[in-house]
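S.K.: Each chain, written out:
There are 2 protein chains.
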Amino acid sequence: MGAHTKADVAAALDAIAERPLSHVFLVACGGSFSIMLAGKYLMDRTAPDLPCDALNADEFICRSPARLGPRALVILCSQTGTTKETVAAARFAREKGAVTIAMSLDLASPLASASDHRVAYRAHYTTGESIDASDSNYAVLYALLVGLLAQRGQADLRPALATSLAGLQPTIDKAKERLCAPIAAYAESFATAPAVYTLAAGPNSGAAYSFAICVLMEMQWINSQAVHADEFFHGPFEVVDKSARFIALLGTGPTRRLEERARDFLMRYGDPGNILVLDAADLDLDALADPFRELFVPLIFFDVLWVFAYRLAAVRQKPMLEARRYMKKITNY
Amino acid sequence: MGAHTKADVAAALDAIAERPLSHVFLVACGGSFSIMLAGKYLMDRTAPDLPCDALNADEFICRSPARLGPRALVILCSQTGTTKETVAAARFAREKGAVTIAMSLDLASPLASASDHRVAYRAHYTTGESIDASDSNYAVLYALLVGLLAQRGQADLRPALATSLAGLQPTIDKAKERLCAPIAAYAESFATAPAVYTLAAGPNSGAAYSFAICVLMEMQWINSQAVHADEFFHGPFEVVDKSARFIALLGTGPTRRLEERARDFLMRYGDPGNILVLDAADLDLDALADPFRELFVPLIFFDVLWVFAYRLAAVRQKPMLEARRYMKKITNY
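Keeping their order, the protein sequence lines are chains A and B. FYI, this note's numbering numbers position 108 of the first sequence as 114, with every residue one higher than the one before it. FYI, this note's numbering numbers position 81 of the second sequence as 87, with every residue one higher than the one before it.
By construction, these hints were calculated from the structure, which means they are not laboratory data. Just so we're clear, the structure is a prediction, and the values are computed from it rather than from any experiment. Each hint should be verified, as a subset may be incorrect.
One copy or two, it doesn't matter: identical chains are merged, so the pair holds either way.
Capping the alpha-carbon separation at 35 Å, the derived lysine-lysine pairs in DSBU-like fashion look like this [said to hold, decoys possible]:
1. K102 with K182
2. K102 with K180
3. K324 with K102
4. K248 with K335
5. K248 with K334
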C-alpha cells in the first residue's frame, strides 16, 4: 500500500477512534457496491460487536435504516466520486448524525467533499493506469475495516493484511499468467450466447455480480445474472442445458463448498466447453495470509475476467468502454 | 389469520419472551428466501435495537456469522420443510446456541422438528389449495417480527398488522380483477423473449427475485434476472433497447421513487409494449394500514404475476409445474 493511501487510512481511523459505534453501513452503487459485499462478509465473519449492512446508495437513503444515527459509521465508495446517489447518501448519513468515510480515486470529488473523512484508492480498469493492487478498492476497504476492528479491541488482522498486501500484485500477475491464455478459448463460445451467468458464493459474490452487471450487461449488452451458488439449486439451475454458458468462481474459504457443488452440477448437466471455471485452487496464493486469501480471490478473479472481457469484446467486434449507449452519453435520467 | 396460525405465533413468541436478543437472522433458500428480504426491510426500517440479516441457508452455515450465538434469533422458512440446506441451518444455529423458529406448511416436517419452535403457514402456489392470505408466508413472517418488536418495547405495529391482515385477501382479489386481464396481453410478447428482467426496490425486491428465479427460470426456462431499481442505472440499463422485456414493480413506500425512475427510463428507451408495469398506485389498498401497505404489495404483485405466469406458460405450451427437469426429478446433487 502506497504511503499516501496508508496515511489516508490512518488519518480516517484516528479521527473516529474515540467515537462509540454500533453499526457499519457500506454504501455504494454498481461496481463499487460489489466490493461492499466482500466487506460485509469480512465483518460478518469477524465482528461480533459491529453488525454491518451493505446497501445500494439510493436504497440506503429511501430505506433510512433505524440504526443509522450518531453511532453508525458509513463507508461510501465511488470511483469518480461523482455518483450522484452515493454523494446524496453521504449527505443523508451526516444529517442523521453518522460519521462518514469516502473512498474515491479523486479526493477533490463531490463524494470526498460531502464526507467527513476520505481515502484515495487507485484503479486500472477504466483509467488504464498501471497500479499496485495494494492500492485498489478492495485493499483500501479491508484496511479500513481491519483498522476499525483492531481499534475496537476485536480481531487484530493487521499483520495478516500487511503480509497479504505485500504479496498481492505478484499473486495477481501470476494468476493472469496461469489463467488468461486458457480461458481465452471460451470467448468464441460465449460471444454468441443468449445469456451468460456468473456463479459464486461468499466473498466472491461481488466479483460475480460486478462482472455480470458492469461488464457483460453494461459493456457488451449481453443478458446476464450473477447467481448465488446455493440459490442456483432453488430455481436457476433449471435453465441449464448443454448450451448454457456459465462462469463459475471457486474460492478458497468456507463457502467454496457451495461453489464446488454448483460447478459439479454444471459439469454434469451442461457442456464443459461452455462452463468457464476460475478455480483458486489452481493458483499460487502462498503470499496471501488468512483470512485475506479468500478475501482477495474476488479481486484476482475480476482482474482475470477483465482480460477475458477484452478478448470477448474483440471476438464480438464490440469495443469495451465505447460500447455504452446511455452511461456517460445521456444525462437526463 | 386463522386461529391455529395465531396460536402458533403467540406460542413461539411467548417461548422467547425472556430471552435477551441482539440479532435476528432470516434464513431460507429460493422462494422462501425471497420473503426474508421484505422481513429485513421491515426490521431495518423499524428496529433500532435489533440488527437483522437475511441469508441463504447454506451461505449462513458456511459464513458462520460472528453474531450467531445465544443472543441470536434465527427464523427459518421452507414450504415443504424438507429443504436440506435450511434443515441443516436450523441444526447449525442451535449448535451455536441460538434460538430457532421454523416456518413451514408442515409442522411435522424435518425443518419443524429441527427447530425450537414452529409456525405453520399456508400457500396456494404449488399446493393449489384455496387459502386466506392472512395465513401466507409474508403474513406469518410479519406477525413474528411485529410480535418480537412489541415484546422488546420497540414499535408496536400489532394494530396496524391486524387491520391489514383482515383486509388482505379482499385486497388481493380486487388487485387480480384489476390487473390480470390487462397484463395477459403481454404474454405473447414475453413468450419469445431471449430474456425477461424484473425490476424493483425495497420491499418488492423479494417478489421480483422470486418471480425471476422460481418462476421464469425454474418453471419456464427463460433467462432472467431481478434487477434492483437503482443498480439498474449502474450497468444493467445498457441492455435496454426496443426489444428488451422488463417487468417493473412499483410500490407505495419510500423506495417507490427508485422504481419510478427506472420505469420512466424503460418507457423512454424501451418499447412500452414490452414493459409490463405493475403499479400499486392503480390498486385499492385502503384496507391496508401503514407500514403494511408497502409491505404487502410484494405478495399482491406475486399473486398477480403467478396468474400471468400461467398465461405465459399457455402461450409457450410449456406447463408450469411439470416443466422442471431437475428439481424433484433428480436427487443426487
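S.K.: Of the numbered hints stated earlier in the document, which are not met by this structure?
M.R.: 1, 2, 3
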